[in-house]
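Residues per chain, in single letters:
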Amino acid sequence: MTFDQTILIIIAVMTAAAAACRLAGFWFMRLIPITPRVEAGLKAIPIAVMIGIIVPPVIKGGIPETVGLIATMAVVKLGANDLIAVLIGMASVAATRALL
Amino acid sequence: MQSSTTLTASGVWRGLKMALPYAASSGVYGLAFGLLANQTGLSVAESVAMSALVFSGTAQIAVLQSWASNPSLIAITLTVLIVNLRYILIGASLRPWLGQLSPLKSTAALLTIVDGSYAIGMREHAKGENDAGVLAGAGIISFTGWVVGTGLGFYMGSLVPNPKVIGLDFVVIAFCASTTALMLGTTRDFLPAAVALIAVVACEIWAPGPWSVVVAALSALLTAALRHKSPPSADAEAANA
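Top to bottom, those sequences are chains R and W.
Residue numbers for the first sequence follow the numbering used here, so the first one is 324 and each next one is one higher.
Residue numbers for the second sequence follow the numbering used here, so the first one is 63 and each next one is one higher.
No lab work stands behind these hints, which were simulated from the structure alone.
Note that the structure is a prediction, hence the values are computed from the model and not measured.
Some clues are possibly wrong.
Rough simulated footprint, nothing fancy, chain W against chain R, three-plus residues with beta-carbon under 8 Å [as the list claims (entries may be wrong)]: (1) 340-352; (2) 356-364; (3) 388-395; (4) 413-419.
If you only want the chain W side, here are some residues facing chain R, beta carbon under 7 Å, derived [to be verified]: (5) V110; (6) L143; (7) Y149; (8) I175; (9) T241; (10) A258; (11) P272; (12) S274; (13) A279; (14) A282.
The beta-carbon is built from N, C-alpha and C at its ideal position, and this holds for glycine as well.
Kindly generate the complete structure, drawing on both the sequences and the hints.
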């Protein structure tokens, strides 16, 4: 077990910064009354976060990611188990990459 | 009215099981981080401690990649903050759900949050799940994969598989896609999501970076809040409540 003092300080600073981000939004919202308007705004966040995570790699990756995205969403829409949808999405990305 | 929020062991267990593919992907990225940490000159204890405490792969990799240029503490802090800004909006969006838990439980649940566990948690919540254990369980299993992967990768770095070959890099996208498909099926209000989509595509074209999630979330938040129509008295009453 070796710890360098400088690295320990860096880890501590990084830990504080990451934890602050995870906690700040939730605790900040304590100070703001949850009016119907605020609630409508908050409820729009999850799907937007999903879109923000999905879009950049799909634009960068091109065909395999697009195929995987369509496959995953189609399987969910067909009513299959979510885990199966994820596995089929992965498999279709891997297969498309192998073929291209 | 929905039943009240809980955080139970059985919820945690369900979350653990649902997130197994995501934990596998976290594990493989952990292997890659462990290898990078070894090459950068960290000890195994330092590498594992960093993964266990910071628990932010993108930020950790970014910091180690700048290691050779002796970054200042301020530069390191800014890197971690910018990469993790999205968690501020994610945390705000969890207020209505986790706000009913005790401060200790909500804080514990929030510290386990990662992109994939948020996707799983919000998907289950949209289906009517009120047990925040699902969210925490999904976070805990991906945390475990990340930390164990870091330790193994430190020693067996040369054995790190290429995640792309079996589509492991796609796992988080797939979880987010399944959540999106479900949410699009339960709403009749597509405008905030459409605005977020346009904003993130524009962001990718003109200013790509780790802030794309923040851009998407903020644009949807503002669209939904500004357009919200309720009797003026309802907002005022809720504010006074």
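Here is what the structure says about each hint:
1. Against chain W, the stretch 340-352 of chain R contributes 13 residues with a C-beta closer than 8 Å to a partner C-beta. That satisfies the three-residue criterion, and the hint holds.
2. Counting residues of the stretch 356-364 of chain R whose CB lies closer than 8 Å to any CB of chain W gives 9, which reaches the minimum of 3, so the coverage claim holds.
3. For the stretch 388-395 of chain R, the proposed coverage by chain W is satisfied: 4 residues have a C-beta within less than 8 Å of a C-beta in that chain, meeting the threshold of three.
4. Under the rule that three or more residues need a Cβ within less than 8 Å of chain W, the assignment of the stretch 413-419 of chain R holds, with 5 such residues.
5. Checking V110 (chain W) against chain R by beta carbon gives a least distance of about 10 Å; that is not within 7 Å, so the hint is violated.
6. This hint holds: L143 (chain W) has a C-beta 5 Å from the nearest C-beta of chain R, less than the 7 Å allowed.
7. With a cut of 7 Å, the hint placing Y149 (chain W) at the interface with chain R holds, because the nearest CB-to-CB distance is about 4 Å.
8. Restraint check, I175 (chain W) versus chain R: the minimum CB separation of about 6 Å is within 7 Å; hint holds.
9. With its C-beta approaching chain R no nearer than about 5 Å, T241 (chain W) sits inside the 7 Å limit, and its interface hint holds.
10. The interface hint given for A258 (chain W) is met, as the beta carbon of that residue sits about 4 Å from the closest beta carbon of chain R, less than 7 Å.
11. The beta carbon of P272 (chain W) comes no nearer than 9 Å to any beta carbon in chain R, farther than 7 Å, and the hint placing it at the interface is violated.
12. Using the Cβ-Cβ criterion of 7 Å, the hint placing S274 (chain W) at the interface with chain R is satisfied: the shortest such distance is roughly 5 Å.
13. For A279 (chain W), the interface hint holds, since its Cβ comes within 7 Å of a Cβ in chain R; the closest pair sits about 5 Å apart.
14. At about 3 Å, the closest approach between the beta carbon of A282 (chain W) and any beta carbon in chain R falls short of 7 Å, and the interface hint on this residue holds.
In summary, the structure is inconsistent with hints 5 and 11 from the numbered list given earlier, while agreeing with the others.
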